[in-house]
Amino acid sequence: MSAELEAEPTFVDKFPEEARIIRAAMWGSFLALTLGAIFGIIQTLHRTGLARPFSSVDYYTFLTAHGVFLVISFTIFFLVGLFTWAVVRSLDRPLLNTKITWTWYGMMAVGMTMTGISILAGFTSRIDMSADVLFTFYAPLQAHPLFYTGLVVFIIGTWVAGADWFRTWLAWRDENPGERIPLQTFMVLTTMIMWYIATLAIAASVLLFLLPWSLGLIESVNPTLTRTLFWFFGHPVVYFWLMPAYMLWYTVLPKIAGGRLFSDPLARVVFVLFLLLSTPVGIHHQYLDPGIAEGFKFISMTNTMFLLLPSLLTAFTVVASVEYGARRRGGTGIFGWLRALPWRNPAFTGMMLAGLMFAAGGFSGMINAGLNINYMIHNTIWVPGHFHLTVGTAVALTFMAGAYWLWPQLTNRPLYSPQIGLAQVVLWFIGMALMSNAMHAQGLLGVPRRTAEPEYAGFEYPMAFGGFEELNLQLAIGGTILFVSTVLFIANIVITSWSPKASGLARPLPPALSGPEDAPKVLDNLRLWVGIALVLVFLAYALPLAGIISNSGVFGTGAGTYPVWIDVPTAVAERALAVVTGVTATLVNAVTGVFTL
Amino acid sequence: MAGSETASTVTGEMNPPGDGEPIHEDAETEEFDPIGTLALIMTYFAILVIAWVYVYFIEFLSRDLTVIG
Ligand code: HEM
Ligand SMILES: [Cu+2]
Chain U
1 MSAELEAEPT
11 FVDKFPEEAR
21 IIRAAMWGSF
31 LALTLGAIFG
41 IIQTLHRTGL
51 ARPFSSVDYY
61 TFLTAHGVFL
71 VISFTIFFLV
81 GLFTWAVVRS
91 LDRPLLNTKI
101 TWTWYGMMAV
111 GMTMTGISIL
121 AGFTSRIDMS
131 ADVLFTFYAP
141 LQAHPLFYTG
151 LVVFIIGTWV
161 AGADWFRTWL
171 AWRDENPGER
181 IPLQTFMVLT
191 TMIMWYIATL
201 AIAASVLLFL
211 LPWSLGLIES
221 VNPTLTRTLF
231 WFFGHPVVYF
241 WLMPAYMLWY
251 TVLPKIAGGR
261 LFSDPLARVV
271 FVLFLLLSTP
281 VGIHHQYLDP
291 GIAEGFKFIS
301 MTNTMFLLLP
311 SLLTAFTVVA
321 SVEYGARRRG
331 GTGIFGWLRA
341 LPWRNPAFTG
351 MMLAGLMFAA
361 GGFSGMINAG
371 LNINYMIHNT
381 IWVPGHFHLT
391 VGTAVALTFM
401 AGAYWLWPQL
411 TNRPLYSPQI
421 GLAQVVLWFI
431 GMALMSNAMH
441 AQGLLGVPRR
451 TAEPEYAGFE
461 YPMAFGGFEE
471 LNLQLAIGGT
481 ILFVSTVLFI
491 ANIVITSWSP
501 KASGLARPLP
511 PALSGPEDAP
521 KVLDNLRLWV
531 GIALVLVFLA
541 YALPLAGIIS
551 NSGVFGTGAG
561 TYPVWIDVPT
571 AVAERALAVV
581 TGVTATLVNA
591 VTGVFTL
Chain Y
1 MAGSETASTV
11 TGEMNPPGDG
21 EPIHEDAETE
31 EFDPIGTLAL
41 IMTYFAILVI
51 AWVYVYFIEF
61 LSRDLTVIG
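Sequence order for the protein chains is U and Y. Residue numbering for the first sequence follows the numbering used here, beginning at 1 and increasing consecutively. Residue numbering for the second sequence follows the numbering used here, beginning at 1 and increasing consecutively.
Watch out, some of these pointers could steer you wrong.
[Said to hold, decoys possible] Below, a list of computed lysine to any residue pairs in the SDA-like style, where the Cα atoms sit at most 25 Å apart:
no. : chain 1 : residue 1 : chain 2 : residue 2
1   : U       : Lys-297   : U       : Gly-446
2   : U       : Lys-521   : U       : Arg-93
3   : U       : Lys-99    : U       : Thr-149
4   : U       : Lys-297   : Y       : Tyr-56
5   : U       : Lys-297   : Y       : Trp-52
6   : U       : Lys-297   : U       : Leu-534
7   : U       : Lys-99    : U       : Val-160
8   : U       : Lys-99    : U       : Ala-109
9   : U       : Lys-297   : Y       : Val-55
By construction, these hints were calculated from the structure, which means they are not laboratory data.
Whole structure, please, built from the sequences with the hints as guidance.
Following this line, the structure appears as structure tokens:
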């Protein structure tokens with residue numbers, strides 16, 4: 001048919017093998033989302049006391065499964081699919097060797113299956129295995145060795161994935177000498193550099209301490225050390241979840257709005273800032289940890305506040321790009337242009353609502369980041385309230401909206417029902433507004449997180465913004481709406497995959513209003529950014545780690561409590577300072593060396 | 001040489017923007033000044049300031065001091 005011949009080729013037409021791998025990764029992601037949502041609704045009904053069909057002892061198995069499946073499996077499988085698409089699309093060339101690509105996919109799938117089995121085995125006493133360590137998995141909680149082994153295999157899989165994208169880019173660079181790195185590939189490469197730095201700490205923590213400890217090879221570990229190594233990884237990982245969402249906001253959302261990206265250079269600056277600043281802030285998760293001096297916590301807080309900058313730049317660039325689209329569609333006025341946007345398109349509305357939720361998450365994030373006011377909400381259910389806005393909505397809802405846009409181009413099948421898609425993203429927004437609001441409010445009343453039965457005999461939570469019971473009801477209604485929304489999403493994608501094929505589904509992306517030619521060349525000097533990132537990480541972590549180790553030893557003191565680290569700092573600081581100056585000089589030399597390359 | 005978002009994005013120009021919905025092409029040539037964006041961001045900051053004032057009164061002035069440890 002002539003119409004078919006004229007139609008622009010879709011991604012799957014041009015790169016069928018790559019599209020197959022991307023679909024496989026996304027199926028992995030959607031499976032994890034389904035399981036996560038089932039555990040989520042169980043947890044919601046249990047902790048609010050509305051329905052407790054399972055024993056409270058199993059609550060921690062559910063909670064671990066919910067956390068691990070959603071923030072490790074759902075997010076990262078979607079990420080590797082999206083990044084593969086972004087690299088191949090923006091370089092407009094196939095991957096070098098898809099055998100390697102299938103290999104890393106296989107490693108990630110096998111690793112996650114091992115970890116998943118070790119968690120789910122906790123539901124039955126017939127298998128002597130469990131891993132109720134929650135997604136933060138630091139000591140003194142201990143999991144079956146299979147949990148850690150699976151994680152290692154999974155993470156090495158992501159490392160190979162990064163190498164696969166780097167190699168493809170290098171091949172492209174040889175074919176296109178002197179050209180700027182295409183924006184989407186630039187985003188993938190900077191994000192992966194951040195991931196390599198971040199995962200070093202978790203690899204060290206698992207391989208040196210947690211795995212040998214769980215195998216019985218070593219007697220004890222230093223809990224503060226494994227916590228610190230976890231959070232060394234734990235903060236950059238939140239940007240690992242977020243960067244694919246940012247990529248969709250920067251490169252796809254403006255196109256759907258009828259416009260184009262406002263500024264390519266600004267987008268590059270933002271990704272470089274995340275690479276530099278996302279690791280030296282992890283201690284902000286440990287404001288209440290004894291064993292780390294207040295001064296280091298203060299430094300971490302300062303770095304965290306700097307980290308607000310790239311997100312504010314993003315708010316500006318993305319909204320301006322969307323406004324540009326609205327003006328092209330004839331939108332007018334200071335706020336009136338908002339009406340000219342394609343609100344019926346589930347991909348557009350989903351991403352916009354996700355962005356709005358992220359802005360709200362910014363408010364509670366600023367509270368979390370403050371060293372002093374953090375004490376008010378630490379370990380309360382306020383914290384899950386916060387991250388269900390960020391990873392649970394800004395990221396998750398953007399991924400779902402992005403899937404509505406991308407899936408047809410990966411399958412040549414039009415989305416089964418854009419109307420259901422629209423209802424789904426709006427339901428997610430409403431459900432999350434209720435659940436997250438109730439969580440924040442309960443947190444202010446002091447209701448703890450990670451608690452199966454947060455009601456206590458002979459104790460009443462104070463009254464404010466409604467009482468404990470009323471907020472429980474709100475939380476449960478919100479959680480139920482979210483569950484329904486997830487079911488609608490999965491059903492829409494599954495039915496789409498059975499629908500007849502169609503043509504004309506290609507959606508190419510326009511170049512930016514201010515293109516890469518306006519970006520300073522230094523932005524593409526990845527070696528320089530790696531060097532600076534490593535120096536910053538060193539400055540932020542050398543002293544705290546030295547302190548933690550000198551206080552309780554590499555493998556801990558065996559048992560007992562860990563004293564507050566108050567008067568040791570001076571002694572340690574003096575010894576460590578000599579080392580620091582030496583190593584810094586070497587590093588600075590290395591960086592200046594890189595500069596002149 | 002315009003940048004390196006090569007073939008795939010250059011062809012994007014031929015596709016109707018907004019995934020096939022109608023647009024006003026003439027507006028493209030005009031100078032684009034993102035005042036609507038500025039207005040939204042100012043709204044965000046206004047909410048932020050009000051929230052901080054609110055926290056100050058509700059959390060600190062209306063309650064007893066919280067002592068940890
Ligand atoms: C179906 C929608 C969802 C529901 C009903 C739900 C419900 C909940 C509830 C009630 C908790 C708090 C449990 C507690 O602290 O006692 C929780 C924790 C959590 N949720 Fe969700 N959630 C949903 C979706 C998501 C999504 C999409 C993500 C991330 C992508 C996510 C990530 C997490 C994490 C990381 C925790 C913390 C686990 C821990 O404390 O170890 N959730 N969820
Ligand atoms: Cu953090």
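Going through the hints against the structure:
1. U:Lys-297 - U:Gly-446: It holds: about 23 Å lies between the C-alpha atoms, which stays within 25 Å.
2. U:Lys-521 - U:Arg-93: 23 Å, holds
3. U:Lys-99 - U:Thr-149: Holds, because 23 Å separates the two Cα atoms, which is no more than 25 Å.
4. U:Lys-297 - Y:Tyr-56: 23 Å, holds
5. U:Lys-297 - Y:Trp-52: 22 Å, holds
6. U:Lys-297 - U:Leu-534: 19 Å, holds
7. U:Lys-99 - U:Val-160: 12 Å, holds
8. U:Lys-99 - U:Ala-109: This hinted pair holds, its Cα atoms lying about 15 Å apart.
9. U:Lys-297 - Y:Val-55: Measuring from Cα to Cα gives roughly 23 Å; hence the hint holds.
Consistency with the previously given hints is maintained throughout, with no hint failing.
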